[in-house]
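S.K.: One letter stands for each residue in the lines below.
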Amino acid sequence: MSGVLTDQQAAPAVVVPSRHTGRWITAGAVLLIVALLLYSMATNTRFEWHVVGKYLFAKPILMGVLNTMILTVLAMVIGILLGIVIAVGRLSDNLIVSKAAWFYAWFFRGTPLLVQLLFWFFLSALVPRIALGVPFGPELFSLDTNALITPFMAAMLGLGLNEAAYMSEIVRSGISSVTPGQTEAAKSIGMTRLQTMRRVVLPQAMRIIIPPTGNETIGMLKQTSLVLVIGYSELLTSASLIYARTYQTIPLLIVAAIWYLFITALLSIAQYFLEKRYGRGFSPLSAIRTDKAEPATPAVTEIRP
Amino acid sequence: MTTTMLKASSVCKSFGPVDVLRNISLDVAAGEVACLIGPSGSGKSTFLRCINHLEKIDGGEMWVDGERVGYRRVGNKLHELKEKEIARRRASIGMVFQQFNLFPHRTALENVTEGPIIVQGVRRQDAIEEGRALLARVGLGTKMHNYPSQLSGGQQQRVAIARSLAMKPSLMLFDEPTSALDPELVGEVLDVMKDLAESGMTMVVVTHEMGFAREVADTVHFMSDGVLVESGAPAKVLSAPAHARTQSFLAKVL
Ligand SMILES: Nc1ncnc2c1ncn2[C@@H]1O[C@H](COP(=O)(O)OP(=O)(O)OP(=O)(O)O)[C@@H](O)[C@H]1O
Ligand SMILES: [Mg+2]
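Read top to bottom, the protein sequences are chains A and B.
Residue 195 in this note's numbering sits at position 195 of the first sequence; the count goes up by one each step and never skips.
Position in the second sequence (first residue = 1) + 1000 = this note's numbering.
Don't read these hints as lab results, they were simulated from the structure.
We put the CB at the ideal spot given by N, CA and C, even for glycine.
It is possible that part of the hints are untrue.
[Unchecked claim] Across the chosen pairs, the derived CB separations fall in these ranges:
#1 B:1012 with A:103: 36 to 42 Å
#2 B:1121 with A:269: 34 to 40 Å
#3 A:129 with B:1082: 38 to 44 Å
#4 B:1063 with A:119: 56 to 62 Å
#5 B:1072 with A:125: 53 to 59 Å
#6 B:1244 with A:98: 35 to 41 Å
[What the hints assert, rightly or not] Listed below are several chain B residues computed to face chain A (Cβ distance under 7 Å; list not exhaustive):
#7 1017
#8 1090
#9 1115
#10 1147
Build the full structure now, drawing on both the sequences and the hints.
M.R.: Pasting the structure below:
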């Protein structure tokens, strides 16, 4: 080591931002490809854009969009709530409960969704009447299965119960990511198990749970198209009913795709806000909340490195 | 007349084949500061966790503020209490952890108000007022709205102390509250604990800070291999220990 600094000069030097030539070239290439694609799509008459325009807001398509959204939301609500229950069951000390939860996830993840949907739809063939009563005793009430299991019910049950199996694994990984010290701290201030779960563990687990749940929801949006087989008319079914009649297959598939993309965009925005909400406190940069009643505290000055 | 805040009588605890606590008997009077010292693995944390029933004891008996911890005696049998009842009793025993264990998704103030609001059903506005006062008391009046990740270790531990105090506990447990701190941050936490001791709080403190034990403790208890080897005033246990094991431990840490 010589101890001589190689390029030291009398005047102090100024930092110049680097030029990133490579970045500009890549960006240019990407823009060019996108432009070419758009151009060919716009000029190719076989896309039949006027047909797309005609059907984009047609009544049956809009009904399909609505049905798809309702089904997605309901199936996800069932999936998430039941998923939490099953995940908590999986982590339970009760061996029977935890094995039953394991069995549920194994069974519903291990059989094709299509089979499950058809099963629910044809439930009435298997169990013509659903009755509630005392075993070997009087019946309290009974229902005709055919009346209970409409295509809508079958679709909701099939999708929701299947989703719960996947959600349970996601929730379980989220719960496991919260350190035992958190549970102990909650217990030490006198929280019950339920309070600990609701106030301490789940809110922290959400950070881990939300991104894969976003995936699941977007997946569900498109998975709802499977209910075509049991005759519930969602977006893709509505589109296919039209092109079966008019033979304008491609433009109607484009109509459906546009709607799916639009809803996916909405879901992504919702996910962004949820992530922000539950990321609170986990990055040192998250904004410090201030009460209106009090002048803002100069708290940021003491962030630890 | 002094009342006994904590009474442990022949407490035993084992993890599988390992006896971690063997016949620990220990009384702590109301207002007393008891320091627990001893080598790593001697069972100090386990004993502390038995006091608020985070661990179940396998033998012996334990009372906090006159109430049996975790069990109810019927005839000559001990029945474990219902979860709600255990939770209620824990609420009056504060615990401060080595790793702070603050709730990272809540601000300092929210950490402190969580227990009163959720567990004790205190009105939100009252809890907030109380919380502000407590945070001011531990010197964090300007950090109420910071999240734990925006606080130094020493500040986090002080919030944790305030969080416990918010439950108005009759007994405070500290498990090596300064062991995870950078040396220059130890003092601020010990100062808060010293204030607390002076205010008359009953405290059981597991610590390696011999200076704190000497200055603040009323009694010092030396544990080794699950046995309570020696107890007494700090001047006696720390300066003129009677047992060879205490002597060799102190020779290593002092
Ligand atoms: N959950 C557990 N399962 C099995 N063994 C355990 C468990 N918790 C503690 N132990 C064992 O019990 C013994 C006492 O542990 P404890 O944590 O109480 O010691 P300590 O005195 O607090 O030590 P330290 O100063 O290192 O914190 C150790 O041998 C430890 O390995
Ligand atoms: Mg310990």
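S.K.: Okay, residue 1244 of chain B versus residue 98 of chain A on CB: inside 35 to 41 Å?
M.R.: Hint violated: Cβ distance 49 Å, outside 35 to 41 Å.
S.K.: Using the C-beta atoms of residue 129 of chain A and residue 1082 of chain B, is the stated range 38 to 44 Å upheld?
M.R.: holds (41 Å)
S.K.: Closer than 7 Å between Cβ atoms is the bar; does residue 1017 of chain B clear it against chain A? Give me holds or violated.
M.R.: At 21 Å from the nearest chain A Cβ, residue 1017 of chain B fails the 7 Å test, so the hint is violated.
S.K.: Evaluate the given range 36 to 42 Å for the C-beta pair formed by residue 1012 of chain B and residue 103 of chain A.
M.R.: Hint holds: Cβ distance 39 Å, inside 36 to 42 Å.
S.K.: Once the shortest beta carbon distance from residue 1090 of chain B to chain A is found, is it less than 7 Å?
M.R.: This hint holds: residue 1090 of chain B lies near chain A, its Cβ roughly 5 Å from the closest one there, short of 7 Å.
S.K.: Please verify that hint: residue 1147 of chain B, Cβ, nearest Cβ of chain A, below 7 Å or not.
M.R.: Holds, because the Cβ-Cβ distance from residue 1147 of chain B to chain A comes to roughly 4 Å (cut-off 7 Å).
S.K.: Taking the beta carbons of residue 1072 of chain B and residue 125 of chain A, is their distance inside 53 to 59 Å?
M.R.: holds (55 Å)
S.K.: Between residue 1063 of chain B and residue 119 of chain A, does the beta-carbon spacing fit 56 to 62 Å?
M.R.: holds (58 Å)
S.K.: When the nearest CB of chain A is found for residue 1115 of chain B, is that gap smaller than 7 Å?
M.R.: Holds, about 4 Å.
S.K.: Given the hint of 34 to 40 Å, check if residue 1121 of chain B and residue 269 of chain A actually sit that far apart at their C-beta atoms.
M.R.: holds (38 Å)
When held up to the earlier numbered hints, the structure conflicts with 6 and 7 and fits the remainder.
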